[in-house]
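Student: If you want the building blocks of each chain, they are given just below.
There are 2 protein chains.
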Amino acid sequence: MTPRQRRAGGRAARQALRAAPLAEAVRPVRAGLQGGAYSPLAEAEVQRIHRAALEACATIGFADAPPSGVAALTGAGAILGDDGRIRIPAALIEDSLAMAARDVTLFGRDPRHDLHPGGTRVHFGTAGAAVHLVDVETREYRECTVQDLYDAARIVDVLDNVHFFQRPMVCRDIADNFEMDLNTIYACCAGTSKHVGTSFTEVAHMAGAFDLIHRIAGGEEAWRARPFISNSNCFVVPPMKFATESCLVMEACIRGGMPVLMLSAGQAGATAPAPIAGTVVQAVAECLAGVVYVNAIKPGHPAIFGTWPFVSDLRTGAMSGGSGEQALLTAACAQMHRFYGLPGGAAAGIADAKLPDMQAGWEQAVSNAMAGLSGLNMVYESVGMHASLLGFCLESLILGDDMLGQCLRCVRGIEVTDETLSLETMRAVCLGGPGHYLGSPQTLALMQTEYVYPRLGDRTSPKEWAEIGKPDLIARAKKDKERILSNHFPRYIDVTTDREIRAAHRIHLPVAAVRI
Amino acid sequence: MTPRQRRAGGRAARQALRAAPLAEAVRPVRAGLQGGAYSPLAEAEVQRIHRAALEACATIGFADAPPSGVAALTGAGAILGDDGRIRIPAALIEDSLAMAARDVTLFGRDPRHDLHPGGTRVHFGTAGAAVHLVDVETREYRECTVQDLYDAARIVDVLDNVHFFQRPMVCRDIADNFEMDLNTIYACCAGTSKHVGTSFTEVAHMAGAFDLIHRIAGGEEAWRARPFISNSNCFVVPPMKFATESCLVMEACIRGGMPVLMLSAGQAGATAPAPIAGTVVQAVAECLAGVVYVNAIKPGHPAIFGTWPFVSDLRTGAMSGGSGEQALLTAACAQMHRFYGLPGGAAAGIADAKLPDMQAGWEQAVSNAMAGLSGLNMVYESVGMHASLLGFCLESLILGDDMLGQCLRCVRGIEVTDETLSLETMRAVCLGGPGHYLGSPQTLALMQTEYVYPRLGDRTSPKEWAEIGKPDLIARAKKDKERILSNHFPRYIDVTTDREIRAAHRIHLPVAAVRI
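So the protein sequences, as listed, match chains E and X.
Sequential numbering from 1 applies to the first sequence in our numbering.
Sequential numbering from 1 applies to the second sequence in our numbering.
Accuracy of the hints is not assured; some may be wrong.
Restraint ranges, calculated between C-beta atoms of paired labels, are given here [said to hold, decoys possible]: (1) E/G432 x X/D211: 38 to 46 Å; (2) E/Q47 x X/E245: 50 to 58 Å; (3) X/P471 x E/L485: 28 to 36 Å; (4) E/R102 x X/Q34: 30 to 38 Å; (5) X/E424 x E/A42: 16 to 24 Å; (6) X/E424 x E/R112: 45 to 53 Å; (7) X/G469 x E/P434: 52 to 60 Å; (8) E/H214 x X/A475: 49 to 57 Å; (9) X/E424 x E/Q47: 18 to 26 Å; (10) E/D135 x X/G341: 25 to 33 Å; (11) E/D83 x X/R455: 42 to 50 Å; (12) E/H116 x X/Q47: 28 to 36 Å.
Subject to a maximum C-alpha distance of 25 Å in a straight line, what follows is the list of computed BS3-like cross-link-like pairs (lysine-lysine) [as the list claims (entries may be wrong)]: (13) X/K470 x E/K478; (14) E/K463 x E/K479; (15) X/K479 x X/K463; (16) X/K470 x E/K479; (17) E/K481 x X/K470; (18) E/K470 x X/K479; (19) E/K470 x X/K481; (20) E/K298 x E/K241.
Partial list, computed: chain E residues near chain X (C-beta under 8 Å) [said to hold, decoys possible]: (21) M240; (22) A296; (23) D313; (24) E325; (25) L328; (26) D352; (27) D357; (28) L390; (29) Q406; (30) H436.
Think of the hints as simulated: they come from the structure by calculation, not from any bench.
No residue lacks a Cβ here, since even glycine has one placed at the ideal position from N, Cα and C.
The shape of chain E in the complex, shown without the other chains (with noise of 0.2 Å):
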């Protein structure tokens, strides 16, 4: 409503100010602020989903879990059934979250890109196991392949808030299953020093991708002093069966020192209930088992509570994420990690669209920034991701770097102290002062600590954006992403360890390409 204000005073002095960089501390977003502000649940609600879970782990229990499994999580106490389910009570459940680790570091390769999940801490990062690339110029979906994979680390490596880079593609070109999980760490860890999560497809993979992993950590002590890498296993196959060969994978994980992402990816009215609040049950009952399971191995053991209820499109059964429904399903989830004290995980972020266009940013926008507001750890899928899960798009990635600065203003929230509600500043301004806050000192102070500006995304007037072409968002994040792709060859894995990680191993992307 009101006119567009443009002045001029102190705008030199704005502009020469925000030209110099930003020390991380007063950087106005970063990872882990805290959340918590929305809570779409009732705590009485909370409790009530917490006890139909328990019911149903102690009631319908849970199918198919291997030998070793069973053997672990019967001598902890549950109980296995005639009809081979495994029955979980409450009281070992009690038990288990009271051993289980609370205080967890997610490690990057860089220190300074170490998370601290837990609490209402704030992260948002990449996953997935999109099988397509998503071209924005010839709006095709291709397979994706190591090369895009390695591109899309180096892109998170560069981008500020996205935390960590969760393995967000499938190499579709490596036909080798134990080549592809090796390839995909490679491709990772060569392309950022963020934490990086991944999947194994076997557990007979375990030994050689370990291998690997102590190679480009220098060894086993370095690795298991920093574990810069979690396993993202989708332990149970919704509703209420383990995945018998995810659980085997679990175990060698747990074993290797691996932080585990215990992932339970129901399907609200395919594969979970068609209620938000009884996928919610169902969610948090499989990762009740999967605490009980994990802690049974190694009490204590790092862990991310990973309910990650999707939702279907009932009309057609197909996986929808850009809902509404979704959004609630992940925030509800955030607040039942919340009551638990332990760290966790959901995904946001998710659009059904297929290119990044206008609803792309609605339904990756507001599941994101109810993901952050509830105070959900980790936020994977919050960047790229199109087609509900079968697209990524590297130009999308981009511009979600802004909408996720967006979304962790917002998390952020507001500082009300007596300087912030600013009646001194109001009445130096009203009472015989200029009658505006342009150039006041405060209006100074806090153009880069409270302010968050957007990198790609336009701000400009219609006349200026006339004025310089009216550019058009795709292209400007196309020749971002090209500038970044061919200047960020970020060398994580020096020379000497490269060469004998290629005579060990079959790395498919050639030195060149990594620039190593």
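Dock chain X against chain E, hints included.
Tutor: Relative to chain E, chain X alone:
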């Protein structure tokens, strides 16, 4: 992470169900859903803001009240200082709050569009004073016309999730301000039977405006029984000055029985303090002065507490509506409205983006979602607004209806009952059942009442999307716009009345344009 689910089971039944129209009461989202699950401020912070606002009213006060306002305010107990500023003691504010209208209805011409702002009930609508219409095809910002306004009204008339129509554009093709004010009313009321909001340039226009309004209503008595237009009134020029002419308009509206939106539109860092808390303090102080003013003229007159603070990009001083800071400001204002128990409104959904692109999507979605979750009663400017309020876009308006559907779904929240907790359904599915929920009676029952489906938003798989020719979102919106505009001529003004109106006033829209 889960593979896309495609099951045949129950699909025919689901699709048949889906084809039937939904009764209003079981539609998953509607006007007036209750928000409030999100609170950006702690209770003590709300109190501090309240106290700071009281102090600002009492010690800084307000310049530039018109003589009639000075008389009304000092008559009620405010103090006119030697510096010409009106200072308002806390006791007078408390008294005015006690007599202020809490049970306000904003009537539609059609009773089914009546709105009941208050509590945490959420309504989304348009607003603003854009001077450009955004042409998505030519990427032009052209001056907007009364025809554009009429078209926007007709589109809003058919969109489920846009609950009221405050004029979003000024008629730039009408040079005379009196004619513009009257033709704005005509274009809005000819195009929609939803509640209309508008502004008036000068108090001298009010007699003519009320003549037109009474004719549309079918007489003054009918108008006063169900006032279907409210006055969006910038009664203050922040910081802390009354807008002299607008105050006179406000007084005339109160006498004429028109609800008033008391609008304080400061801009953080320019016409309001740079800290978010300080901007809220000032906006609240200004609106508290409005409460005193309105109730001094007529106790209990229906008014909306219109704290509409905006944000400056502090690098340039230019307005920026698409930021996280904006979303926080708006949500904090909603919390203050709740504190006072008064019907309140603020701005959300503003894009800085020039076109309905991905940036527009995330900018509009974050603030709308947060406005809804915070329980903001009247979410103004929630849809169609670009270039930081300078441009209105009809295609964006249409797409925004889908976005608002998603936000409304989030506002509705999660129902937790024995039935939704779903233990019995889980048991039936897992223990000897089909192992999935696709065909379960619960899923079929909730398909339409729990889930919101986008109208234009795309949820096809990449394969289906390619098969249907990779539809472009904007092109689809444009086609939908053309369909609506070539078919929807609602004739909310009958032929006889229209003839009388045209005899009494210069109506710019030709009879042929409105097909009356």
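Student: Now tell me if each hint is right for this structure.
Tutor: Structure-based check of all given hints:
1. Between E/G432 and X/D211 the beta carbons are some 45 Å apart, a value that agrees with the proposed interval 38 to 46 Å.
2. Taken as a hint, the range 50 to 58 Å holds for the pair E/Q47 and X/E245, whose Cβ atoms sit roughly 57 Å apart.
3. Restraint check, X/P471 to E/L485: a C-beta distance of roughly 30 Å satisfies the suggested window 28 to 36 Å.
4. For the hinted restraint 30 to 38 Å between E/R102 and X/Q34, the CB-CB distance of approximately 35 Å keeps it satisfied.
5. Separation of X/E424 from E/A42 is about 23 Å and conforms to the stated range, judged on CB atoms against 16 to 24 Å.
6. Against the hinted window of 45 to 53 Å, the Cβ-Cβ separation of X/E424 and E/R112 comes to about 50 Å, which satisfies the hint.
7. Separation of X/G469 from E/P434 is about 58 Å and conforms to the stated range, judged on CB atoms against 52 to 60 Å.
8. The given range of 49 to 57 Å is respected by E/H214 and X/A475, whose C-beta atoms sit roughly 53 Å from each other.
9. Remark: the range hint 18 to 26 Å for X/E424 to E/Q47 is upheld by a beta-carbon distance near 19 Å.
10. Evaluation of the 25 to 33 Å hint for E/D135 and X/G341 yields a failure: the beta carbon distance comes to about 54 Å.
11. Between E/D83 and X/R455 the beta carbons are some 46 Å apart, a value that agrees with the proposed interval 42 to 50 Å.
12. For E/H116 and X/Q47, the Cβ-Cβ distance of about 32 Å falls inside the hinted range of 28 to 36 Å, so the restraint holds.
13. The suggested pairing of X/K470 with E/K478 holds, with an alpha-carbon distance near 20 Å, which does not exceed 25 Å.
14. Between E/K463 and E/K479 the CA atoms are separated by roughly 23 Å; this keeps the pair inside 25 Å, and the hint holds.
15. Between the alpha carbons of X/K479 and X/K463 the distance comes to roughly 23 Å, so the proposed pair stays at or under 25 Å and holds.
16. A hinted pair counts as satisfied when its Cα atoms are at most 25 Å apart, and X/K470 with E/K479 qualifies at roughly 24 Å.
17. Taking the CA atoms of E/K481 and X/K470, the gap is about 24 Å. The hint holds against a cut of 25 Å.
18. Restraint check: the Cα-Cα separation between E/K470 and X/K479 comes to about 24 Å, which is no more than 25 Å; the hinted pair holds.
19. Distance restraint check for E/K470 and X/K481: the Cα-Cα separation of roughly 24 Å lies within the 25 Å cut-off, and the hinted pair is therefore satisfied.
20. The hinted pair formed by E/K298 and E/K241 meets the criterion: a straight-line CA distance of about 21 Å does not exceed 25 Å.
21. A distance limit of 8 Å between C-beta atoms decides the matter here; for E/M240 the minimum to chain X is near 5 Å, and the interface restraint holds.
22. Violation of the interface hint for E/A296 is found here, the shortest Cβ-Cβ separation to chain X being roughly 22 Å, above the 8 Å cut-off.
23. Interface restraint check for E/D313: the shortest CB-CB distance to chain X comes to about 5 Å, inside 8 Å, so the restraint holds.
24. Nearest Cβ of chain X to the Cβ of E/E325: about 6 Å, under the 8 Å cut. The hint holds.
25. With a least beta-carbon distance of about 6 Å to chain X, the hint placing E/L328 at the interface is held under the 8 Å criterion.
26. Taking 8 Å as the C-beta contact cut-off toward chain X, the hint placing E/D352 at the interface holds, the least distance being around 5 Å.
27. The beta carbon of E/D357 comes within 5 Å of a beta carbon in chain X, closer than 8 Å, and the hint placing it at the interface holds.
28. The beta carbon of E/L390 comes within 6 Å of a beta carbon in chain X, closer than 8 Å, and the hint placing it at the interface holds.
29. Using the Cβ-Cβ criterion of 8 Å, the hint placing E/Q406 at the interface with chain X is satisfied: the shortest such distance is roughly 4 Å.
30. A distance limit of 8 Å between C-beta atoms decides the matter here; for E/H436 the minimum to chain X is near 6 Å, and the interface restraint holds.
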